Amino acid sequence: MFKIFWASSLGVLLLPGLLSAQVTRGSLLIRNGTVLTVTRGNLENADILVENGKITAIGKGLTAPSGVKTLDASGKYVMPGIIDAHSHIGIDVVNEASRPSTADVWVGDALDPLDLSVYRALAGGVTASHAMHGSANAVGGECETIKHRYGTLNPEDMRMEGAPRTIKFALGENPMRVHGEGNRIVPATRMGVEQIFRKGFDEAKAYMAEWEAFEKEKGKNPAAIRPVYNRRHEVMGEVLRGNIIIHCHSYRSDEILMLLAVCKDYGVKRLVFQHTNEGFKVAPELAAAGAMASVFADWWAYKFEVYYSTAYNAAILAKNGVVTSINSDSEEYIRHLYHEAAKTQRYGNLSDEEALAMITINPARQLGIEQRVGSLEVGKDADIAIFDGHPLSVYAIPQYTLVDGVIRFNRATDAADQRLQASATRAETSFTLLKEQHHFDRCLEGAFDQTLAFFGISRE
Amino acid sequence: MKSNIIRVLFFCLLAHFAAGQVKKSSKGTFALTNATLETITKGRQTGNLIIRDGKIESLGPGVAVPSGATIIDCQGLTIYPGLIDGGTQLGLVEVSSISLTDDTDELGELTPHMEAITAFNTSATAVAVTRVDGISTALVVPQGGLFPGTASLVNLVGYTPDQIYAGFRGVVLNFPGSGRRGFWDRRSDEDLKKEEEKALRQLNEVWTEAQYYVQVTDAAAKNAALRVAANPEMARLAEVIRGTMPLLIETNRAADIEAAIRWAQDKKIPKVILTGVAEGWRVADKIAKAGYPVITGPVIALPTRGSDAYDKAYANAGLMAKAGVKVAIRSNDSENVRNLPFHAGFAAAYGMGKEEALRAVTITPAEIMGVADKLGSLEAGKTASLMITTGDPFEPKTQIRYLFIDGWIVPLDSRQIQLYEEFLNRSPGLKK
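Chains A and B, in that order, are what the protein sequence lines are.
Add 1270 to the 1-based position in the first sequence for the working numbering, that's all there is to it.
Add 1042 to the 1-based position in the second sequence for the working numbering, that's all there is to it.
Honestly, the hints are just simulated from the structure, not real lab data.
Note that the structure is predicted; figures quoted are calculated from it, not measured.
Think of the CB as a built atom: it goes at the ideal place given N, C-alpha and C, for glycine as much as any other residue.
Treat the hints with care, since some could be wrong.
[As the list claims (entries may be wrong)] Pairs of lysine to any residue, SDA-like flavour, derived with a Cα cap of 20 angstroms: (1) B:K1354 with A:D1687; (2) B:K1331 with B:A1365; (3) B:K1396 with A:Y1665.
[As the list claims (entries may be wrong)] Okay, the calculated bits of chain A under chain B, using three or more residues with CB under 8 angstroms as the criterion: (4) 1612-1619; (5) 1650-1656.
The following block holds chain B by itself, in its conformation from the complex (with noise of 0.2 angstroms):
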């Protein structure tokens, strides 16, 4: 009876929104109940699942439900955890040819201690279109030069840096490569490996005068009268030698994955995540006896070589995978960041199988970042950071019925729904 009540009442909050009330995400404490839960660490359950305090409380079968909760009935629906994105631009950019609203590449080389989240604009268009696709959860990475800097993973709801930082962030360093940027690059091969090997020892430059940091900093830790000149960008880099700070190593091809990995393991970093990585299947053994993790992405996308089959990109995450790399799944994009759960089930389809590509989107990149105590999966004591959807999320037919982020549900709207609420019918339509 009570329940019904509060049922009711939900629904009329529900109607208060859809009468273009203002819309807002709240907090408070939820009954979903009778739903199919997919845990991704404790298998799949049915039952009901408790959220107060912006955790999940309880979950599974004979959970009850707590008096004073809005319930809401998943007859017939399934909770997944929210998808988490293991590398986009999304907040940096709003309009990617207008270059001052593009964020994404401070000048100069070596920039480590430049700060994503500092331009992450929380109000950005593509961050409501983003999450109304069950992404709660997007690491934020800057681009260009050497070390672009310092990437967040954020939650995607909520208004300052605080409200919004999801416990992880990493230094991005761009691995000098031998490739060219793009179709109208037509530099000859010579000059190609003159500037690779150019920018190798430029990267080692730049480490060696790290570690004098280090050597330099510790040293006046212990001695008061000596003075260390500000520094940010080695201050940075120093995090990272201490371990303190994992360096997210960008690389792709496969002779530079290769390269990367020798030269983080002479350089003894502590944790290293090596992201991109397309061209990973071709020396996946190597990658997994070097035990470092990967963030790969785009999966939908063209192979790295004109002789190279055409479903290479689909399958590589799943080729890596089976080699016994933690691999994560990443869409690397700016305002497409909602295809991540398609990139997920072309690689699930090409080989990674739903199980495994479901966790290249949940637990393994919350594992990865170690943020997997709050994040990843559906378990008592984590976030409340989860959709309520009519079924298997990479499924394009697939609707989202509710969703909670960081322990808040998020209306499900955005500019993109808007203008679909204003135009399916147009008033005045072809007459006025």
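With the rest of the complex left out, here is chain A (with noise of 0.2 angstroms):
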């Protein structure tokens, strides 16, 4: 009886979500194009098939079966479609600001595919992004990983299938700042973000274990007790079952160690840390735990934990072993990736194959899609970007963007006006000034609107 309620409930709640999601996957012939595959080196004047969505075959002299229209990639380049594993794009919300921790929230109840800021993405090349929770708590709650499928109004196709689970935690000045200094509760330290995760952690095994007992007990005992059900506790121990990824917020080396040493003490090996200024001065304990490194190729001094950084830090952190990659936490920083990831190059000397796996294969490692996206190979997603020049070039222009096969951006004939919903309150009367964008941590959008709400400025 339970077991038929539970059933047909589970599928009403599934059934719309499923049926609505209609995802367009194009067929296309990409001729003639420098190769850049990231995992399998350069490939000069060679093509690429793609057939419903995916990389069916890469060489010379290809040939398109009928139907399949050719796009002549002649003096241009040709890579995997970028990926930023840290962004704040295609979602309405960023941070529920109320508890230090939010396991509960989920950021894909919130994706918003009429955010332009997805289309500017796309023309900067980057096909796929990790929407994440900002950083005012401690644990913020579970992110999504989206392709740019700009063009759909509806959510459910941003929704990368079959992605991990990720869930957004934060270290330092954020969540002290939200909490212990706005709110007057733990944690005000790093000593109390600590307790935040194992408190969480225990909590969580506490619960699994409940659960686990009435699962034996309901057997023998049909009038066994079923525990109350808690979200916050089942998406923490999802996290201990290790079918969660933690992407950590973190700037100082000591912080970052605390997060390794609870991770160690509770089994959880998935573990990727995100802005990582510090992370060059433990990069050996990073690599010798598999822990990987999400960074700014150059972002420093905003705040005090970030003023003991170095440009060098993606280069020092990938020399030493860690896979790493360079992200944006922006909606201007992610339409040029590639040029961020270039600066590797200026502070590391990196080489081009490894300033390129930066963006491509390596937040797919992250993200644990790494065999679906994040280099040109037969059998992956035809997510790919293609440049006039060599990417890692200043003076590169993103000229196409394909996600699934589908031509998403393309620089010679998209309209320059791709808004999929005009506002007339936003857009066009609204001019701001944007010295200050880069300057203040996204991650920390919609923290203070309390606070700003108090000074009489709202948001709507």
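Could you use the hints to bring the two separately framed chains together as a complex?
Structure representation (structure tokens):
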């Protein structure tokens, strides 16, 4: 009886979502380009055949099956679609800044297919991004890996189907400021931040044990009492089981070591540090633990915990064997991640392949989607960026961006105004002075709405 | 033979630096030999460049190496003039979220006499971080209020205001604008308009007072019986009215740019430079017709409107230049002024062209600020502010091998480089 009830209610919940996701997949022959596969070297004057959203052949002299159009890439550079392991585009809200742990909330409930930033990211060759919670809370909630299928009006279409679950954790100043300074509750220090995780994992373990006992008991005893469902503990339990990858906002080396120790104690292995400005100081420890790092190319000094940063961070991490990516955390920077990756050549002399890996296969590994995207290989999704010059050159301009074989950006023919829904109040009358845009932590967006409201400023 | 000995000595000197000694800037006679010379004003040449007494003594093919000169073999390397950033908050901010380390914004709407160079911390960590990427000179601009203060052009070597001052100052006016200030600014259009009108009224009142001040002080100069009360704010604005100090008008929205031009023409301001000018492409013809030069940036930025093409900020500098506006590029940054060459690179790619973009961070800002006799190109008699690179300084891959600023050879060292050297192969490593 119960089983039928649960199964049917689950179906009612899931079916509309499954039915309404209508991912468009395309076929195309990309001809005669310089192909930068990232994982298997470069090919001159090579073709890529895309069928029904997947790469089906890479080589010379391929012919297009009937009905498949050809895109001439002569003189152009063809690379895997760029992946941003840290962004906040394509979502309505960033922070549920109400408790130090909100493991129970999910960015996937707030996807926004109308966000123009998604198109602008496509115009920078970016085909997928990790839509993340903010860093107001030590445990922010589950994130969503999205594909940039701009043009759809259905939020369901944005999800990268089959991508592993991820969760945002945050260390240091942001949770300390929001909760300690702002709400006068723990954490006000990095000591307090540690205990939020330990307590969260301990509670999840107790909760899991309770359910395990119930499952055993109910066969013998029909009157066994079902434990109270708690999504926060459920989610933290899935982290402990290895089904959710932790992506942790972090800056200082001491707090990075703290989370490594916590994860070791609780047997959590899938761990990616975000920002990781002082990752370079503990690169051997990160490498030994198999933890990965997603970093800015050169951001520093906008607050104290990023004062002792270096633009050589990515190079030091990579040379010490840490799987490293360059991310944006910004609707502006996401548009030129190829340029951000190129900075690892000025600051650390990385090779072209190492630099490109930072924005393709490495972020794919960090999101657990490396079997699907992140390199140009037969069988992978046809998420492809085509540039008029080498993508690590400052003069390179993205020309085409394909998601699932569909051309979603075409520099030559796209209209200037790409809004899916014109807003009378925001777009045309609001002019934003952009100077400040990279001087505040995008991760904190929305965390201070209450404070702003106190001063009579509101965000809709 | 002799030059070889000198070369050996020089490399000994470098080795001495590398051995962990304190790295200092120094001066001397240098011969940069067999170089490609990107002169900016006189095309690309090959040959030697001689530095003596802090100046470029001579350059070009067949220029002799003076005896006693330290030789730097530049075979395969290219020499460019040091880059000039036409607008930064460099040296005014150490950590931007900690307000007491941020000296950009004095209290009050009317503070034109606040001197940016006074608060420029020559030892700010960002100064060395900036110059090792070839930025030799930067305009340091105070922020906030109607008249935030006086900007100064500084060379990024030296320890006192006198040592760093590079010969240009200008009063900053944040021209009243109708735009919102950020994502959180939700004032109604009506309120915005009211505030804009109020701000313009306030500006005109201030200006009328400054004009009176000029009349009164002129009269006082001829009549010893007249005494004028101390008024540092008006004294500074009077310099603008008299034309002894340029006015840097910060304005970004198309309608505001037009209003600023009308205002400056109406007030007959002798020396005007427009700064920011993010929507300049919309009114480029009008800016060109007014004849005011522009310092624009950041280039790597979002478009100002949702309906604009994604690349409008990249293209803005080039579109204005094509319309006949004299355009220099700025980063408008504090800690990442080092990205100036990349801002110029994006401008170059999106329509400005490499040559014009290179001018926009060298000779053009020097001309706009009236220091082209000293800075902005490789020419005999100019100050030796230059970098020796492996290639195009706009390309991220390019490395800078040597750096001269204001005649001094500057060590290629910064805290970020020191951290690299300490942590690339950390010791102790994983095991102690």
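Which of the numbered hints above does this structure break? 5
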